[in-house]
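Model the full structure from these sequences, guided by the hints.
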Amino acid sequence: MTSEPIILAGLTGLPAFLVNVATFAVVYMILALGLNLQWGYTGLFNISVAAFWGIGAYTAAIVTKPPSAPTALGLNLPYLWVDVAGVPLPLAPAVLAGALAAGAVGLLIAIPTLRLRDDYLAIATLGLAEVIRLVLTNEEWLTMGARGLSVSNPLLALDYSNLLLLGVALVLLGVTYWLLEVGVESPWGRVLKAVREDETVAESVGKDTFTYKTQSFVLGSAVMGAAGTITALQLNFLVPSQFGPRWAFYIYIAVIVGGSGTNRGAVLGGLLLAVLLELPRFLRDFVPFESVVTNLRLLVIGVLVIVIMTYRPWGILGDPQAMQRDE
Amino acid sequence: MASLLQLFANGVIFGSIVLLASVGLSLLYGIGNFANFAHGELLTIGAYTAFVAKVTLGLPFVAAIGVSIVATALVGLVLDRLLFVRHRNSSPIVLLIVTIGVALVLRSAIRIVWSNQLRSLGLPLRRGIQFVDATIPIAGYDLLLRLRVTQDGLTIVAVAALFALGTHLFLTRTTMGVAMRATADNRSLAKVTGIDTERVLRATWGLSGALAGVGGVFLGMQTGVIMPRMGFNILLVAFSAVILGGIGSPYGAMVGAYVIGIAQEMSIAIPGVSASYRAAVSFLILVLVLLVKPDGIAGGRWG
Numbered sequence: 522m523t524s525e526p527i528i529l530a531g532l533t534g535l536p537a538f539l540v541n542v543a544t545f546a547v548v549y550m551i552l553a554l555g556l557n558l559q560w561g562y563t564g565l566f567n568i569s570v571a572a573f574w575g576i577g578a579y580t581a582a583i584v585t586k587p588p589s590a591p592t593a594l595g596l597n598l599p600y601l602w603v604d605v606a607g608v609p610l611p612l613a614p615a616v617l618a619g620a621l622a623a624g625a626v627g628l629l630i631a632i633p634t635l636r637l638r639d640d641y642l643a644i645a646t647l648g649l650a651e652v653i654r655l656v657l658t659n660e661e662w663l664t665m666g667a668r669g670l671s672v673s674n675p676l677l678a679l680d681y682s683n684l685l686l687l688g689v690a691l692v693l694l695g696v697t698y699w700l701l702e703v704g705v706e707s708p709w710g711r712v713l714k715a716v717r718e719d720e721t722v723a724e725s726v727g728k729d730t731f732t733y734k735t736q737s738f739v740l741g742s743a744v745m746g747a748a749g750t751i752t753a754l755q756l757n758f759l760v761p762s763q764f765g766p767r768w769a770f771y772i773y774i775a776v777i778v779g780g781s782g783t784n785r786g787a788v789l790g791g792l793l794l795a796v797l798l799e800l801p802r803f804l805r806d807f808v809p810f811e812s813v814v815t816n817l818r819l820l821v822i823g824v825l826v827i828v829i830m831t832y833r834p835w836g837i838l839g840d841p842q843a844m845q846r847d848e
Numbered sequence: 015m016a017s018l019l020q021l022f023a024n025g026v027i028f029g030s031i032v033l034l035a036s037v038g039l040s041l042l043y044g045i046g047n048f049a050n051f052a053h054g055e056l057l058t059i060g061a062y063t064a065f066v067a068k069v070t071l072g073l074p075f076v077a078a079i080g081v082s083i084v085a086t087a088l089v090g091l092v093l094d095r096l097l098f099v100r101h102r103n104s105s106p107i108v109l110l111i112v113t114i115g116v117a118l119v120l121r122s123a124i125r126i127v128w129s130n131q132l133r134s135l136g137l138p139l140r141r142g143i144q145f146v147d148a149t150i151p152i153a154g155y156d157l158l159l160r161l162r163v164t165q166d167g168l169t170i171v172a173v174a175a176l177f178a179l180g181t182h183l184f185l186t187r188t189t190m191g192v193a194m195r196a197t198a199d200n201r202s203l204a205k206v207t208g209i210d211t212e213r214v215l216r217a218t219w220g221l222s223g224a225l226a227g228v229g230g231v232f233l234g235m236q237t238g239v240i241m242p243r244m245g246f247n248i249l250l251v252a253f254s255a256v257i258l259g260g261i262g263s264p265y266g267a268m269v270g271a272y273v274i275g276i277a278q279e280m281s282i283a284i285p286g287v288s289a290s291y292r293a294a295v296s297f298l299i300l301v302l303v304l305l306v307k308p309d310g311i312a313g314g315r316w317g
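Protein chains in written order, with this note's numbering: chain A, 522 to 848; chain V, 15 to 317.
These are calculated hints, taken from the structure and not from any lab test. All figures in this text were calculated on a predicted structure; none of them were measured in a lab. A virtual CB, placed ideally from N, CA and C, is assigned to each residue, including glycine. Keep in mind that a hint or two might mislead.
To be verified - Below, computed lysine-lysine pairings styled on DSSO-like, alpha-carbon distance capped at 30 Å:
no., chain 1, residue 1, chain 2, residue 2
1, A, 714, A, 728
2, V, 205, A, 714
3, V, 307, A, 728
Claimed, not checked - Beyond 10 Å from chain V on every Cβ pair, some chain A residues (computed):
no., residue
4, 534
5, 655
6, 688
7, 830
Given below as structure tokens:
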């Protein structure tokens, strides 16, 4: 997400930039919440965050893609997102479609890999991310490949303001946060933490840990897919390279720095990530060597990960127990 | 229709590069007990240091390979000394995340120093040696048998085999090699029997780096391009070879490397599958192995 022009209608100039950054921040927070369910609460090391995010974004773009007229799925249907009293609500069908698609792929990857050790899952999900990126790049009939896919954004047709999209993103963040808090505070969430801390013990008290891990993985992936639908609306144009593997590392950093194993930590981490990633855009105007700035940013992020994992592996608001798993 | 024989030979050459990339990964996995996600960047550093030696300084190519080996071994040793020594008791997952951080740092440092521009080792282009060129009619079909291998390809296969043999001799004939195998089996037990496991881990980082250095040079030589992402691009293939062979078994990794390399190149011949999905083949094999035989070919043992 480096140099797309800000094409949101409504605001212009600095306010538009800030609203845009805020929307990115909310998307990062939602992604971090999804990953925190998998990694922070359940200890599942998933490296394909960008893949699920991308699946959500592309799903949102595809279900609203009009062959010529404003129809969904090429059928003679109205927009999935209908205009209610001048406001394009509900957006829910597209968000649900993105979440379902990502969740379904999550289930496919969970079944063969979740019985195995952490590092297997890490490597397998890295592979999945690569395959998804290949599919997005090569299946031109579906995704337009590297040329990029325009999103037929109903919000644009309704002359929306970029503040409205931020509002929609915030609602999604609120709903996700609330659902996840309820979930992890319930007996279900306690089993997840037990799996994270000692799977054998959880197993020995009669919990089918594989089922719990699968539920956590699929739900977390679905949350990432939902975040993707907001991204589709924000960028209005998708190319596969936007969903490269580096994003998994960025979102990990958000979760780890904010604090693994707490939803508050994930939200804080998402905010910090947005500051870290988007603020250097200001610097571009002042520093002549843009590529150096971009690369220095990555270098700083890498050093941050190393320092945090070495001295405070549970992050700012984290649960120290989240990182104390022994093999 | 491409000659299957040619694809097989290409697979052996690619497998030789994967071998060099995966044996070091496997050693560190077995002895240090963690997945090193920065291993790809060690390959990239190997390629760039060879570039500096060969192109910038004008050294002969053999000397450039030597420079790469020394440089990447040093990077491995420095990483261990500065960072990983603090993580001897960390869980594998903490270590894994640290290596991701190291990968980001190394890759952005490479980009800052050498930029994103594609470079090449500037080796002369040579016509491949024609070994076979025939068509055999079988059951009404003409089976195309064509095999042309460049001198570079032959060098890669031969040198990789030498390094594989060297690693084997090192692990079986030297005190350090035996100590490495003991540490991989059981670190606490090795410590109790008087093995200096600190030295063993240091040596493993050095050896792992050195092998990655040669692998990186060959990768740059084979593809003709050197770029900051080259090592990361091959990391998944190397991991697939390691898992296929059985995590922590360097001999398994050697076999796994050829299986993955040959499968990936020969997948081009499968009708209806775009060649751009070649990179997905190793992932597919990886998942299949995890499903059928999670312990890999060697079952996690040392050959």
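Against the structure, the hints come out as follows:
A threshold of 30 Å between alpha carbons decides the hint, and for residue 714 (chain A) with residue 728 (chain A) the separation of about 12 Å falls inside it, so the pair holds. In summary, the hint linking residue 205 (chain V) to residue 714 (chain A) is not supported, as the alpha carbons are separated by about 34 Å, beyond the 30 Å threshold. Of the supplied pair hints, the one linking residue 307 (chain V) and residue 728 (chain A) holds, its CA atoms being roughly 25 Å apart against a limit of 30 Å. With a cut of 10 Å on Cβ distances, residue 534 (chain A) stays outside the contact zone with chain V, its closest approach being about 31 Å.
Under the 10 Å C-beta cut-off, the non-interface status given to residue 655 (chain A) relative to chain V is violated; the minimum distance is some 6 Å. Distance to chain V confirms residue 688 (chain A) as a non-interface residue, since its nearest Cβ pair spans about 34 Å, more than 10 Å. A cut-off of 10 Å between C-beta atoms contradicts the statement that residue 830 (chain A) is not in contact with chain V; the least separation is 5 Å.
In this structure, the earlier hints numbered 2, 5 and 7 are contradicted, and the remaining ones agree with it.
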